[in-house]
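Work the whole structure out from these sequences, hints included.
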Amino acid sequence: MTRRATIPAQPASERSPRARPGGGKNSGRNDRKNVAIDISPLPDRIGYMLRRAQLAVFKNFVRCCAEFDIRPGQYAVLAVIENNPGLKQIDVSTALGIKRTNLVALIDLLEQRGFARREPVPADRRSYALHLTAKGKAFMSKLHARVDAHERQVRTALGEDARDQLLPMMQRLIDTLGPASTDDEP
Numbered sequence: 004m005t006r007r008a009t010i011p012a013q014p015a016s017e018r019s020p021r022a023r024p025g026g027g028k029n030s031g032r033n034d035r036k037n038v039a040i041d042i043s044p045l046p047d048r049i050g051y052m053l054r055r056a057q058l059a060v061f062k063n064f065v066r067c068c069a070e071f072d073i074r075p076g077q078y079a080v081l082a083v084i085e086n087n088p089g090l091k092q093i094d095v096s097t098a099l100g101i102k103r104t105n106l107v108a109l110i111d112l113l114e115q116r117g118f119a120r121r122e123p124v125p126a127d128r129r130s131y132a133l134h135l136t137a138k139g140k141a142f143m144s145k146l147h148a149r150v151d152a153h154e155r156q157v158r159t160a161l162g163e164d165a166r167d168q169l170l171p172m173m174q175r176l177i178d179t180l181g182p183a184s185t186d187d188e189p
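Offset between the sequence shown (1-based) and the numbering used here: plus 3.
Certain hints may be false.
[What the hints assert, rightly or not] Label-pair distances were calculated between CB atoms; the ranges are:
id, residue 1, residue 2, range
1, T179, R74, 26 to 34 angstroms
2, V65, T97, 21 to 29 angstroms
3, N87, K145, 19 to 27 angstroms
4, A126, I40, 34 to 42 angstroms
5, A82, N37, 37 to 45 angstroms
6, D151, V38, 20 to 28 angstroms
7, I177, N87, 15 to 23 angstroms
FYI, nobody ran anything at the bench for these hints, they're computed from the structure.
The beta-carbon is built from N, C-alpha and C at its ideal position, and this holds for glycine as well.
Take a look at the structure:
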């Protein structure tokens, strides 16, 4: 059964500067009225709805953790390093499905903020082992409370029964379709 969904268009004046033509300069389109946009059949597409849900959850994460200036991907990397001190960069990349080049940029940022450090792996001169710094450990102990608050909000939005059904369904998709790899394009 196909549902027909229509959403109001956001006026150009309310869009983010990156979304505006001309990189944020007034393009003469700010007077555009709300225009209904037919987005069917997208609301019936699992991938589309998963992506929209992911964006909503990530937005809530950023809002909940605003005081820490941290993004979900950065938190994921820190959490994996916290639970697996000395893990090689390539292993973190594989575990999280992050491209190696993107992970390097993430680790650079986490190092600049003083949360993580790379140490050469003696048996492999090309590899680095990752560790949290003392500052990173203290940061994570505070951050976990905010991430827990975010998770409670998501659980409340879903309801516990729905959450308990959703997680196994998502895992079944991963098991059946295969996990994202570091070579996959999003």
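Results for each hint:
no., hint, result
1, T179 x R74: 26 to 34 angstroms, "29 angstroms, holds"
2, V65 x T97: 21 to 29 angstroms, "26 angstroms, holds"
3, N87 x K145: 19 to 27 angstroms, "20 angstroms, holds"
4, A126 x I40: 34 to 42 angstroms, "56 angstroms, violated"
5, A82 x N37: 37 to 45 angstroms, "41 angstroms, holds"
6, D151 x V38: 20 to 28 angstroms, "41 angstroms, violated"
7, I177 x N87: 15 to 23 angstroms, "20 angstroms, holds"
In the structure shown, a violation is registered for the earlier hints numbered 4, 6, in ascending order.
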